[in-house]
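Undergrad: Here are the chains, one letter per residue:
There are 2 protein chains.
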Amino acid sequence: MQAELQDLKNRLLEVDDLNRATAVLSWDQSTYMPSGGAEARARQMATLGKLSHEKFTDVAVGRLLDALRPYEESLPYDSDDASLIRVTRRQYERMTKVPAAFVAEMTNHGASTYQVWTEARPANDFRRVQPLLEKTLDLSRRMANYISGYEHIADPLIDQMDYGMKAADVRRVFGELRAQLVPIVRAITQQAEADDSCLRVGYPEAGQLAFGLDVIKQYGYDFNRGRQDKTHHPFCTTFSIGDVRITTRVRENDLGDALFSTLHEAGHAMYEQGVSTALEGTPLAGGTSAGVHESQSRMWENIVGRSRGFWEHFYPQLQQQFPAQLKGVSLDTFYRAINKVQRSLIRVDADEVTYNLHVMIRFDLELQLLEGSLEIRDLAEAWHERYETDLGVTAPDDRDGVLQDVHWYAFIIGGVFQGYTLGNILSGLFYQKALEAHPEIPAEIGRGKFDTLHNWLKSNIYQHGSKFTAPELIERVTGGPLRIEPYIQYLRTKYGELYQL
Amino acid sequence: MQAELQDLKNRLLEVDDLNRATAVLSWDQSTYMPSGGAEARARQMATLGKLSHEKFTDVAVGRLLDALRPYEESLPYDSDDASLIRVTRRQYERMTKVPAAFVAEMTNHGASTYQVWTEARPANDFRRVQPLLEKTLDLSRRMANYISGYEHIADPLIDQMDYGMKAADVRRVFGELRAQLVPIVRAITQQAEADDSCLRVGYPEAGQLAFGLDVIKQYGYDFNRGRQDKTHHPFCTTFSIGDVRITTRVRENDLGDALFSTLHEAGHAMYEQGVSTALEGTPLAGGTSAGVHESQSRMWENIVGRSRGFWEHFYPQLQQQFPAQLKGVSLDTFYRAINKVQRSLIRVDADEVTYNLHVMIRFDLELQLLEGSLEIRDLAEAWHERYETDLGVTAPDDRDGVLQDVHWYAFIIGGVFQGYTLGNILSGLFYQKALEAHPEIPAEIGRGKFDTLHNWLKSNIYQHGSKFTAPELIERVTGGPLRIEPYIQYLRTKYGELYQL
Chain A
84 MQAELQDLKN RLLEVDDLNR ATAVLSWDQS TYMPSGGAEA RARQMATLGK LSHEKFTDVA
144 VGRLLDALRP YEESLPYDSD DASLIRVTRR QYERMTKVPA AFVAEMTNHG ASTYQVWTEA
204 RPANDFRRVQ PLLEKTLDLS RRMANYISGY EHIADPLIDQ MDYGMKAADV RRVFGELRAQ
264 LVPIVRAITQ QAEADDSCLR VGYPEAGQLA FGLDVIKQYG YDFNRGRQDK THHPFCTTFS
324 IGDVRITTRV RENDLGDALF STLHEAGHAM YEQGVSTALE GTPLAGGTSA GVHESQSRMW
384 ENIVGRSRGF WEHFYPQLQQ QFPAQLKGVS LDTFYRAINK VQRSLIRVDA DEVTYNLHVM
444 IRFDLELQLL EGSLEIRDLA EAWHERYETD LGVTAPDDRD GVLQDVHWYA FIIGGVFQGY
504 TLGNILSGLF YQKALEAHPE IPAEIGRGKF DTLHNWLKSN IYQHGSKFTA PELIERVTGG
564 PLRIEPYIQY LRTKYGELYQ L
Chain B
84 MQAELQDLKN RLLEVDDLNR ATAVLSWDQS TYMPSGGAEA RARQMATLGK LSHEKFTDVA
144 VGRLLDALRP YEESLPYDSD DASLIRVTRR QYERMTKVPA AFVAEMTNHG ASTYQVWTEA
204 RPANDFRRVQ PLLEKTLDLS RRMANYISGY EHIADPLIDQ MDYGMKAADV RRVFGELRAQ
264 LVPIVRAITQ QAEADDSCLR VGYPEAGQLA FGLDVIKQYG YDFNRGRQDK THHPFCTTFS
324 IGDVRITTRV RENDLGDALF STLHEAGHAM YEQGVSTALE GTPLAGGTSA GVHESQSRMW
384 ENIVGRSRGF WEHFYPQLQQ QFPAQLKGVS LDTFYRAINK VQRSLIRVDA DEVTYNLHVM
444 IRFDLELQLL EGSLEIRDLA EAWHERYETD LGVTAPDDRD GVLQDVHWYA FIIGGVFQGY
504 TLGNILSGLF YQKALEAHPE IPAEIGRGKF DTLHNWLKSN IYQHGSKFTA PELIERVTGG
564 PLRIEPYIQY LRTKYGELYQ L
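Chains as they are written, first to last, in the numbering used here: chain A, 84 to 584; chain B, 84 to 584.
Treat the hints with care, since some could be wrong.
Below, computed lysine-lysine pairings styled on BS3-like, alpha-carbon distance capped at 25 angstroms [to be verified]:
1) B:LYS92 / A:LYS138
2) A:LYS92 / B:LYS133
3) A:LYS133 / B:LYS180
4) A:LYS92 / B:LYS138
Here chain B is said to cover these stretches of chain A; the calculated rule only asks that three of the stretch's residues, wherever they fall, bring their Cβ under 8 angstroms from a Cβ of chain B [said to hold, decoys possible]:
5) 92 to 103
6) 112 to 122
7) 130 to 137
8) 284 to 298
Everything labelled a hint here was simulated from the structure, so no lab data went into it. Small disclaimer: the values here were computed from a predicted structure and weren't measured. Glycine included, every Cβ here is placed at the ideal spot set by N, Cα and C.
Taking the hints into account, I'd like the entire structure generated from these sequences.
TA: Quick look at the structure:
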């Protein structure tokens with residue numbers, strides 16, 4: 084079996100090299116590439132993607148996976164080799180069901196729709212993207228239909244991002260969460276708005292970047308194996324376990340934008356940096372699902388980075404960085420400003436409490452579109468209605484309505500939004516388990532120390548990479564299935580204090 | 084034939100995509116990559132290189148080239164399609180003679196030798212690299228021997244960089260040049276040394292970079308299709324005709340270092356940016372030979388960038404950029420400083436006049452090593468002897484002797500140095516032809532205008548990419564073979580005035 088295993092690993096390594104090279108090309112495209120490079124770059128990335136797909140779906144890979152089944156079954160479930168064979172088989176079965184030509188059609192359609200969207204959004208012109216989005220919906224349904232035997236047509240698409248979750252599971256969890264969230268939001272928004280004007284007085288870029296870098300260095304993001312560059316839309320990308328990069332953007336009149344996006348992306352990056360190096364070059368070398376990945380970004384951004392204890396330590400340093408801007412702004416005022424809750428229009432700017440309501444709207448609309456109970460031509464109107472019902476706000480246009488998120492316009496309809504809220508729920512669940520093991524964590528955060536939490540996350544979550552599915556990992560870490568209670572409890576405690584609920 | 088031609092072009096485009104992707108990975112490695120990314124990056128680049136080699140040397144490519152021969156012969160020699168088939172066949176024949184495993188062995192050996200060299204050079208320890216260099220020489224000979232029918236064993240290696248040139252040709256040209264140069268160097272170095280202390284008084288990095296960028300923008304380097312980043316060893320790299328990048332480094336106590344390397348790399352980059360977009364994605368989309376490429380970097384660095392007229396225009400701007408440093412430094416003093424001629428140890432820091440003597444030493448030693456008339460164990464001593472004889476200087480150690488240039492320690496022995504001096508010779512030859520066509524060029528340079536020269540170079544040299552070999556291109560542009568006289572005349576005139584010879 085060792086020869087077959089080595090053959091499989093060599094093939095996977097070549098696929099990994101191609102995928103990581105594509106990631107470098109994509110990072111460069113978003114950070115440094117001059118505009119003249121766009122056309123050739125798109126082609127270069129498509130070529131690498133095609134070669135990777137060809138090599139991964141090669142029938143020889145399928146034969147090796149078959150030949151290795153007895154070996155896999157002889158090993159412990161959680162061993163590196165058994166996990167490699169199991170996860171590779173799952174991906175192989177999925178990818179061989181979807182024809183390469185279809186993948187290319189979807190990628191090309193996504194790229195051209197994205198181009199139109201970049202013009203249609205500023206022009207507030209949903210009609211321009213409508214026919215393209217109709218094709219996207221058609222392609223998304225076809226994608227789902229390549230995978231047979233689903234309960235809900237969204238299941239195969241959710242599966243792709245959050246393996247092991249079904250539309251029905253997500254609906255149930257989201258329903259429970261909504262029932263808890265709505266009264267909290269109502270209670271908070273009946274009070275006077277928090278004053279966050281201190282965040283908008285003009286913070287020079289260099290100081291913002293320096294402060295953010297300093298914080299994530301103390302978090303434990305390893306700059307020998309990463310770096311931060313500027314871009315339009317912040318992201319985290321992995322070129323190897325030894326090179327996991329983040330990006331940010333800076334708005335001088337919004338202190339929170341770069342800072343919290345930096346903490347957020349650093350959370351993603353620490354997860355990827357924490358994967359066991361034994362898994363390098365395999366499909367296991369990365370976070371396991373969209374939801375678990377997001378649980379780490381949101382934990383470091385919100386549970387840690389917007390906590391009172393964190394700022395008791397860091398606020399004096401921030402005041403030192405920006406003495407003119409923060410002179411006379413108390414810690415209390417600042418803490419309330421960065422945790423201001425409000426009914427708003429834009430998901431990416433939303434606070435911790437209302438954020439999930441934004442996500443649920445998108446998730447529900449995705450399901451309705453895929454089911455056929457909602458037409459694309461009615462989508463902009465449906466969006467406005469849901470925002471009025473769920474968040475009590477009316478968008479003046481489609482630019483800040485249905486056109487606001489890139490996902491549907493660049494990728495697919497279905498499976499792309501649930502991970503954000505699953506991540507929030509999981510951040511609360513995992514944090515509770517970390518506190519049970521190490522009750523000293525909040526006090527350490529208050530001293531600017533993060534080792535205990537970081538080490539707990541590394542040994543319980545990060546090191547495993549994609550060995551376990553999200554449900555398996557949740558079971559291993561918490562001894563039970565996904566539960567919303569710890570997250571709700573976290574929100575109730577924090578916002579109960581902030582708003583004297 | 085159109086189906087075969089399209090098939091060939093598709094295959095070449097895929098190879099080009101892989102090669103350009105490798106270039107992006109290499110650029111990132113030299114500019115932004117954190118140290119932790121090194122191991123995986125080397126593997127990723129090797130994988131892309133292997134795939135590119137496999138695809139280019141595929142027997143199907145050979146069959147297509149055979150099938151396309153009648154079509155090629157029906158076309159004008161200089162048509163895009165005939166040139167594509169001709170140049171591809173030449174590269175195909177070469178690459179199919181060298182086994183992929185041998186290429187990989189050579190690449191791996193180069194990478195490990197380079198690692199040792201980075202430590203051996205600061206430690207002044209030639210003995211440490213000696214056994215590795217012996218293997219490099221063995222590999223270099225084997226590389227040459229894959230190509231049968233050469234006159235001199237260096238010919239196939241020279242051919243790889245400067246197709247159409249043989250060791251005997253280079254020897255003859257270099258002999259003529261040396262005979263002319265030695266008396267000039269002697270006459271200059273008998274005089275008092277020029278005072279270049281004004282270049283070493285401390286120039287802040289930001290101002291140096293801004294001034295250099297401003298000059299090359301006026302040269303015509305297109306920043307919509309390029310950019311400059313910082314690195315250790317400046318280079319130019321091409322990701323597509325729409326994305327040709329340069330790099331530089333800054334020494335605050337040496338104004339000339341960043342500035343002239345920027346002008347140099349911009350010369351390379353303007354050549355690559357000037358290739359006809361009809362050649363994009365083919366083996367023709369790039370400069371034709373090491374020598375012709377270097378002729379463009381040296382023309383923009385030296386003939387233009389170190390000319391009196393250039394500085395009559397730009398020196399007041401430089402003084403404005405650095406008022407404290409250049410206050411009271413006359414244009415004459417500055418002009419003499421940037422054109423200071425001296426017998427020195429380091430090739431890359433050498434002036435225009437002595438530079439070629441440095442190159443010739445390396446070229447001669449390469450030939451002796453390949454012929455077997457010099458052993459690696461005697462190389463360090465032979466190096467010192469030649470520097471004493473040819474340049475009249477004695478290196479205190481091997482660090483600034485045989486260990487100074489990376490080429491032999493990272494790549495190959497043979498074929499890597501002649502291009503530098505061929506480039507100098509060609510810069511003079513091409514510039515003379517440009518002046519014959521447009522005598523107004525020097526006056527334009529004196530007004531900070533470069534369009535006439537740039538356009539002449541584009542239409543006579545750049546647009547053709549690699550359609551023509553260097554000898555063919557020289558014949559087309561000058562109506563005759565390579566001649567040293569215009570270059571010698573250029574040196575005599577310029578340095579005759581500077582040193583009242």
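Undergrad: Please name the hints from earlier in the document that this structure breaks, with their numbers sorted from lowest to highest.
TA: Numbers 3 and 8, in rising order.
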